[in-house]
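Top line first, the protein sequences correspond to chains W and P. First residue of the first sequence: 1, per our numbering; consecutive thereafter. First residue of the second sequence: 1001, per our numbering; consecutive thereafter.
The hints are simulated quantities; they were obtained by calculation from the structure and are not laboratory data. We put the CB at the ideal spot given by N, CA and C, even for glycine. Mixed in with the good hints, there may be bad ones.
To be verified - Here are the simulated lysine to aspartate or glutamate pairs, EDC-like style, with alpha carbons at most 20 Å apart:
1. P/K1152 to W/E90
2. P/K1137 to W/E146
3. P/K1187 to W/E76
4. P/K1108 to W/E36
5. P/K1187 to W/E90
6. P/K1108 to W/D94
7. P/K1152 to W/E146
8. P/K1187 to W/D110
9. P/K1152 to W/D94
10. P/K1142 to P/E1173
11. P/K1152 to W/D110
12. W/K199 to W/E394
13. P/K1152 to W/E93
14. P/K1137 to W/E36
15. P/K1142 to W/D94
16. P/K1137 to P/D1114
17. P/K1137 to W/D141
18. P/K1142 to W/E36
19. P/K1142 to W/E146
20. P/K1208 to P/D1228
21. P/K1142 to W/D141
22. P/K1108 to W/D57
23. P/K1152 to W/D152
24. P/K1152 to W/D57
25. P/K1142 to W/E33
What the hints assert, rightly or not - So the derived label-pair ranges between C-beta atoms look like this:
26. P/F1360 to W/K374: 49 to 55 Å
27. W/S59 to P/G1111: 34 to 40 Å
28. W/K65 to P/Q1135: 35 to 41 Å
29. W/D110 to P/T1263: 40 to 46 Å
30. P/T1263 to W/L207: 53 to 59 Å
Single-letter residue listing:
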Amino acid sequence: MRVQTMRENRRWFIAAAVGLLLALSIPTYLLAETPELWGNLKPGPYATGFTTIETYDYSRVFRAKHNYFGELQEGERARQVQVCVWYPAEKSEDAVTMVYSEYNFPSPADGAFSPFVGQLANREVQFLYGLFRGAGAFVQDLLNSEMAAVRDAPHTDGTFPFILYLPGGTHHYSDNAILCEYLASYGYIVAATHHFGDKDIQATTDLNGLANVLRDGEFTFGLMHDFPGVDRDNVGVMGYSFGGLASVLFQMRNSDVDAIVSLDGGITNGNYNDLIRQAPGYNPQLVQASMLLMYVMDESTSMTMVDSMVYASRYYLPIDGYTHADFTQNYFISGWIADTTGPSFEVRQEHYGNICRQALSFFNLSLKGDESAKEALAGASFAAALTPPPSAAEFIGMIRAGQIDTAAAIYEQLRKDNPALTLFNEATFNALGYQLLGAGRAAQSVIVFRMNAETYPNSANVWDSYADGCMGTGDTATAITCYQNLLEALPGDSALGDALRETLRTNAEQGLQNLGAND
Amino acid sequence: MQKNDHDLTRRGFLATAASGLVTAGLAGLTPAQALAQEAAQTATPKKDVTFRTLGRTGIKVPIVSIGAMNADNPELMQAAYEMGIRHFDTAAVYQFGRNEQMVGRVVKQMGIRDKVIIGTKIHTTEQRRGLTPEQHKTRMLKTLNGCLKRLKTDYVDILSIHDVGDAAVVADEAIIETMKEIVKSGKARFTGIATHSNMATVINAVTKGGFYDTVLTSFNFTMADDTDLMKAIADAAAAGVGILAMKTQAGGAQLPNPASRETYSASVRNLAALKWVMRNENVHTSIPGCASLEQVEEDFSVASNFEYTEEESKFLADNSIKLSLGFCRQCRRCLASCPGGADIPTLMRTHMYAAQYSNFHQARYTLDNIPSGQNLSACTSCSECVAQCVRAVDIPKKIAELKLIYA
Chain W
1 MRVQTMRENR RWFIAAAVGL LLALSIPTYL LAETPELWGN LKPGPYATGF
51 TTIETYDYSR VFRAKHNYFG ELQEGERARQ VQVCVWYPAE KSEDAVTMVY
101 SEYNFPSPAD GAFSPFVGQL ANREVQFLYG LFRGAGAFVQ DLLNSEMAAV
151 RDAPHTDGTF PFILYLPGGT HHYSDNAILC EYLASYGYIV AATHHFGDKD
201 IQATTDLNGL ANVLRDGEFT FGLMHDFPGV DRDNVGVMGY SFGGLASVLF
251 QMRNSDVDAI VSLDGGITNG NYNDLIRQAP GYNPQLVQAS MLLMYVMDES
301 TSMTMVDSMV YASRYYLPID GYTHADFTQN YFISGWIADT TGPSFEVRQE
351 HYGNICRQAL SFFNLSLKGD ESAKEALAGA SFAAALTPPP SAAEFIGMIR
401 AGQIDTAAAI YEQLRKDNPA LTLFNEATFN ALGYQLLGAG RAAQSVIVFR
451 MNAETYPNSA NVWDSYADGC MGTGDTATAI TCYQNLLEAL PGDSALGDAL
501 RETLRTNAEQ GLQNLGAND
Chain P
1001 MQKNDHDLTR RGFLATAASG LVTAGLAGLT PAQALAQEAA QTATPKKDVT
1051 FRTLGRTGIK VPIVSIGAMN ADNPELMQAA YEMGIRHFDT AAVYQFGRNE
1101 QMVGRVVKQM GIRDKVIIGT KIHTTEQRRG LTPEQHKTRM LKTLNGCLKR
1151 LKTDYVDILS IHDVGDAAVV ADEAIIETMK EIVKSGKARF TGIATHSNMA
1201 TVINAVTKGG FYDTVLTSFN FTMADDTDLM KAIADAAAAG VGILAMKTQA
1251 GGAQLPNPAS RETYSASVRN LAALKWVMRN ENVHTSIPGC ASLEQVEEDF
1301 SVASNFEYTE EESKFLADNS IKLSLGFCRQ CRRCLASCPG GADIPTLMRT
1351 HMYAAQYSNF HQARYTLDNI PSGQNLSACT SCSECVAQCV RAVDIPKKIA
1401 ELKLIYA
């Protein structure tokens, strides 16, 4: 009897020891409690820190210098910028995680920013009231909801890819705070800033609004340059709706960006095509990052813009059964209110979780080189990027260095792959041709003028220049063709002034006459 | 003449501190911690500031504290502390949590958590609709956790139930049990009730119930003839309930009549109103709302001197002023006069937040929490408002103004 008891004790001891060992072998982050709003999302190995940076963009004026009465407006008039950052942080048992209201009003360290940030917080609360159909108790519940981040938590050692997040057009920066927290917990530094107008806090989704988003994003990008732990060689940009559209344009203007995630962004919505084309610096061939396009399929869905971005590798991921709002956290949270017409809170939350996981997998693949993440993207159709062209400066540099044949071969191949390619600016290339002609390199100038004419066939002037080059080499037959093409292009070339139009016409007619083409 | 206790002796201090220790001990603090806290709280830069003890809590604070509701400038709170103010009053709903954040950030940055008294408030009434006691308890605890995180502290000194107008809420056993649990957990040292309507009944319920440590009540000179309220406050104070006063300046003491404004300056009106409250020894501290440094300075001057000037006496004696102020005492006698069943007292309070405090968030929140059918929609069936106030509050005018803002 006594022996049996000792055996039982020994068994108990061994079981306890094994249990303890097992418990110790489980990573602590798996033991950590995740916020209720995270649903089934599993946090990564890092704690998430959150902080803000307040500063002014002195290149822009937010408050007019003088008021209506002509009086000088005292105080700072520059555009206020508050950047909100999620980052991998040290784990601490004593750390106090944030509640949602701290995202709603990310207390600025500089008290002078309080009224501005407060106005944006009010705008968001009004939005939440609408979302919850005026039910103040639900808004309060949301504001009191636990989140995962710890305000101003100590940074953890290491460098981490940087992601710029651009929220929906008239949204608060925090419309995807859960996703931002989630990414930070897996070792990303994510920064977002507020969307607001030129002169007041109301944001717009027109061309001016787009310019604001891009300039604020670029200002934020610059500020984050020296943020602790930012890996400047691995950069992503991610946006929802209007922000998704802006994300692509952002990369167009900034080749440092390696990866783009569009969360049902306007880039896949045909209604925004005209706006995108009007954007400053619009040039689809400059998009050369890897893209994940998550989108819902409806009557406005259009891949016209995205398909033209052939130098970007593209993951197309249409998601059945989702709505546009599924791509932010707001929609599933609004499921707290019984909605007989839509999916349940749990279903919506799972939708959102899937979106978060897809975004993480894509960034792991694109910014961390984790090939295993491809598996998670298996549901997406993939379009590989074409070999990207050299920049205009690189291309012209080759020609100036005498590598005209190499340049021409590259040009031919790229044009074959992508007939819509524009490698250079018409005027710059035209000037280059004349420089070569003036330097006695007529044969090379003809190649330059030809490439220019092929790229800009509707320009009367390029044909005139091409003819000049041909006359320099004595190729009168081609010169005649050029003059004929010039006269054909002339009526439709709206860029010409009256005087230049007349000069070109005279040149062509005179040239054809001199070459006997009218005989 | 009122006797004030600003010449607190060391013996007096120790005696009061010792009485506080008993209560503090119940709240989970060691005697040494409690004494240190009391000493820290009592240490104030000004010698002539009057302190009073918040009933059985044993907490001693200057008789002028600060209601942070309308403030959004952290520097204001910092200045208030440096002036000598030691009690900050806020609430979960003020500025949708921003107000607590602002208070918490200031307190943390200044490193003064053990030197100040933080009072916050959570709603229960509108959240109770349709919830089981267990669900309601969960919600209360969740809200409190939100408060603590925003305030960057692991406890508040006074946790009050917000906006109580019904004695049944005071007696609600489920709420009391939850509050006991909160105190036991150390997340609140003391509990309280905040009321701006039906105050006498609510305060009497607190006194009778014996559970809640403090009452934060609407109280100002326009209520001088409300003997029920006066008695309720006196009885509660005698029973050891800490009494804190709000709405002390009658919603800003704005005078609609330009002639009256010329007769009595803003400063006279403001100081007279606050002095009237604090000359009542049953009121232990006040939480005037302040949105500017000048306001804080002026209000806090009352903690050092609450003798009336001649002008202030004249102002308070001018009965026409009380009527012209149009301050709604939330007596609820108007309810019977409204055929649409509108919750006129709460609508009047909404008007005060919007029109007199310019605190549109609080106005919006208050309006949104009026049950449907009793809010402004109840006013649409009448071509002309017929509701009447026995104290000449111009209900139709205020309702019309509210409609302009929130229709």
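Legend entry - Restraint status (C-alpha distance of P/K1187 to W/E76 at most 20 Å): Cα-Cα ~41 Å, so violated.
Legend entry - Given hint W/E33 paired with P/K1142 - CA-CA distance at most 20 Å: Satisfied, since the Cα-Cα distance of roughly 16 Å is no more than 20 Å.
Inset, instruction - Given the hint that P/K1108 pairs with W/E36, test it: the Cα-Cα distance must not exceed 20 Å. - result: violated, 27 Å
Inset, instruction - Measure nothing beyond the straight line between the CA atoms of P/K1152 and W/D57; if it is 20 Å or shorter, mark the hint as holding. - result: Distance of about 31 Å is beyond 20 Å: violated.
Legend entry - P/T1263 versus W/L207 beta-carbon gap, inside 53 to 59 Å or not: holds, 57 Å
Inset, instruction - Mind checking the alpha carbons of P/K1142 and W/D141 for me, to see if they're no more than 20 Å apart? - result: Holds. P/K1142 to W/D141 sits at ~8 Å (cutoff 20 Å).
Inset, instruction - Take a quick look at whether P/K1108 and W/D94 sit within 20 Å of each other, Cα to Cα. - result: The hint holds at about 16 Å.
Inset, instruction - Just tell me: holds or violated, for the beta carbon distance of P/F1360 and W/K374 against 49 to 55 Å? - result: Holds: the Cβ-Cβ distance is about 52 Å, inside 49 to 55 Å.
Inset, instruction - Assess, step by step, whether the Cα of P/K1152 is no farther than 20 Å from the Cα of W/E93, and give holds or violated. - result: holds, 16 Å
Legend entry - Satisfaction of the hinted span 40 to 46 Å by the C-beta atoms belonging to W/D110 and P/T1263: Distance hint for W/D110, P/T1263 holds at roughly 43 Å.
Legend entry - Hinted pair P/K1142 and P/E1173, Cα distance within 20 Å: holds, 19 Å
Legend entry - Pair hint P/K1152 and W/D152, alpha-carbon separation not exceeding 20 Å: Distance ~12 Å between P/K1152 and W/D152 Cα, so the pair holds.
Violation of the numbered hints given earlier is confined to hints 3, 4, 5, 8, 12, 16, 22, 24, 28; the remaining hints are satisfied by the structure.
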